[in-house]
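> Listed below are the residues making up each chain.
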Amino acid sequence: MSEPQWNWVLEESIPSSLDAGHRTIDQLLNALTQWGWDGRDFFHVQMAIEEAMVNAIKHGNKESPDKSVAVSFRIGGNSVWMQLTDQGDGFNPNALPDPTDEEHLDQPHGRGVMLIRELMTTVAYNERGNQVTMHKVRSSDD
Amino acid sequence: MSEPQWNWVLEESIPSSLDAGHRTIDQLLNALTQWGWDGRDFFHVQMAIEEAMVNAIKHGNKESPDKSVAVSFRIGGNSVWMQLTDQGDGFNPNALPDPTDEEHLDQPHGRGVMLIRELMTTVAYNERGNQVTMHKVRSSDD
Amino acid sequence: MAGKRRIVVSDIGEVSVVRFIDRKIVDSANIEEMGEELFSVVEKDKRRFVLLNFDGVEFLSSAALNKLILLDRKAKAAGGKLKLCGLRPEIMEVFTITRLDRVFQIKKTEADGIEAFGL
Amino acid sequence: MAGKRRIVVSDIGEVSVVRFIDRKIVDSANIEEMGEELFSVVEKDKRRFVLLNFDGVEFLSSAALNKLILLDRKAKAAGGKLKLCGLRPEIMEVFTITRLDRVFQIKKTEADGIEAFGL
Ligand SMILES: Nc1ncnc2c1ncn2[C@@H]1O[C@H](COP(=O)(O)OP(=O)(O)O)[C@@H](O)[C@H]1O
Ligand SMILES: Nc1ncnc2c1ncn2[C@@H]1O[C@H](COP(=O)(O)OP(=O)(O)O)[C@@H](O)[C@H]1O
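Protein sequence lines, in the order shown, are assigned to chains A, B, C and D. Heads up, the first sequence is in numbering that gives the first Met the number 0, so the first residue is 0 and it goes up one at a time. Heads up, the second sequence is in numbering that gives the first Met the number 0, so the first residue is 0 and it goes up one at a time. Heads up, the third sequence is in numbering that gives the first Met the number 0, so the first residue is 0 and it goes up one at a time. Heads up, the fourth sequence is in numbering that gives the first Met the number 0, so the first residue is 0 and it goes up one at a time.
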C-alpha cells in the first residue's frame, strides 16, 4: 500500500456465517462514523462491503463451517481500503452478464459485483477470484 | 511477534481523550467476548488495558489535543497482545514506589502500573517509557 | 408467521401501503422473513394495489432488490400492481445505477404513490 | 448535583447503604461525579456508618480505588466508619493484589456488612 499511515486497521478471520460477517461490518461502520464518514460516501462503503461479504460467505465459502473469511479493513485520512479473502474456488468477475442489459433487468440476482464496481474508486480481484480488494477515496463535497 | 497468526487485529491512532480511549477499549472487549474470553481472564485484560490507556492519555499525553495514542491489539488462539504508544516523555517504571508498602498503602494513587504487571503474563516498556507492550496467555482452567 | 414482523401493512382506500420495520435491510434470516411477508400480501391476502413506502429505511442491499423483483413478478402474476415511494437519495441512486428505476415505478411521497394507481 | 446520579443511598437503621448505578466504574467524567456524591454522603449528609454494596458492579479501575481511599479518609476525619460488601471474586482479587483488603473492611453480604458495624 502506498498510503503511509492508517488511522484504523482491523484484521480478522471470521467464520462463514452472515451473522459473523455483519458483526465485522458493524465494526467498520462504527469506525467510519468515528472518523467522520457520513452521507453518500458512508453509504457507498456500506453497500460495497455488504455485497462483497455476502458473496465471500455464500458464493465463496458456501457457508461452510470449515471455512473462514480473512478480513482486512483500513481507514486513512481520506480513504478506506477493504480486502476480503474467502476459501472458495473463486470466479471470473469479468465473465458475468451485465445486469443492466434489457434481458437481465428483471432477474432476481446478479447485481452485487456490479454495484461494488460502481460505488468504489477502485476494485481489484486476484487471479483466482477468491479475493476482492476495494478502495474508496472520500469525495471532497461530502 | 512469534505467534504466526492472529484472529483479530486492531490498529488505531486515537486522540488523547478518555472517551476515545474507552471507545477503543470497547472494541477490544467486544472482540474478546466474540472469541470466547470471559471470567477472570477477561477481567484481567480489561483491567490492564484500562490502566495502561488512562496512563497513556493522562500521564503520557497529558490529554493534549495535539497528541495521539497509537493502539495495537491482537487476539490469537490462546492469547491477547496489546501495545500502547503515547507521545509523552515516558517514565521509568522500575523507579516507582511499591504501593503495597505500609507507608504507601493508603495513598490515593500509584496502583496502575503494578496492577498491569500482576495481571498480565508479560509486560514490557520501551527505553523511553512511552510505550507499553502487554501479553496475556489465557489460563487453561477458565 | 413465527418471529417478529418485518413489515406493517395499512390500507388506504384500495391501496395497501407497506412500511418496513428494519432500518437496514441486508442479507440475513430477517430478509427471508421480510420476503415471505411481502409475498403473502399479494399471494395470500390478494391485495392488488401495493405501495412500498421506504420511509425510515436507511440501507438496503442487493438481496433486498432481489426480493422486490420477485414481489413484482408475483404481483403481476396476480393481476396486481406494485409501486415504490419514500426512497432516500442514496437508495434511489442504487436503483438508478442498476437501472431498476425502469423496472419499478417509483414516486417521491406516499401521496404521489397512491395517486399514481389512478383509482 | 447536576447530571445523572451515580449512587443510590438507602438507610437501614443507622447504616447508610450505598449502591452503584454503573456496572463499570472507570476513569471518566462519571467517576468524578461518583466521587463527589460519595464524599457528600459523609461530608454534607454527615452519615457516620457507610456500607458500600458493590453488588452489580462488574468492573472497577484503580481510579475507583483511589476514590474509595479518599472516601475512607473523609469518613474517618468525620468520625465515621466505612465498610465494603458484595465484591465479585475478580474485584476482590484486585483488593488482595493491592493489599487494600487490609485498608478496607470487606464483608461478603450486605447483612454481614451491616452487622459488622456492631450497632
Ligand atoms: N467470492 C466469490 N466466490 C465465488 N463466486 C462468486 C464470488 N462472488 C461472486 N461470485 C459469483 O458471481 C456471481 C454474481 O455475483 P453478484 O453480482 O454478487 O450477484 P448474486 O450474488 O446476486 O448472484 C455469483 O452468482 C457467483 O457465481
Ligand atoms: N505513559 C506514561 N507516561 C508518563 N508517565 C507515566 C506513564 N504511565 C505511568 N506513568 C507514571 O507512573 C506513575 C504511576 O502510575 P500508576 O501506577 O498508573 O498510578 P497513578 O496513575 O495512580 O499515579 C504515574 O503517576 C506517572 O508518573
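Bear in mind the hints are in silico, worked out from the structure with no lab data behind them. A portion of the hints provided could be inaccurate.
As the list claims (entries may be wrong) - Pairs of lysine-lysine residues, derived as PhoX-like cross-links and limited to a Cα-Cα distance of at most 25 Å, are as follows:
no. : chain 1 : residue 1 : chain 2 : residue 2
1   : C       : Lys-23    : C       : Lys-66
2   : B       : Lys-61    : D       : Lys-23
3   : D       : Lys-106   : B       : Lys-57
In this text, all values refer to a predicted model and were calculated from it rather than measured experimentally.
> It remains to establish, for every hint, whether it holds in the given structure.
Okay, the hints, checked on the actual structure:
| no. | hint | in the structure |
| --- | --- | --- |
| 1 | Lys-23(C) x Lys-66(C) | 14 Å, holds |
| 2 | Lys-61(B) x Lys-23(D) | 23 Å, holds |
| 3 | Lys-106(D) x Lys-57(B) | 33 Å, violated |
Figure legend: structure checked against the earlier numbered hints; the only hint not met is number 3.
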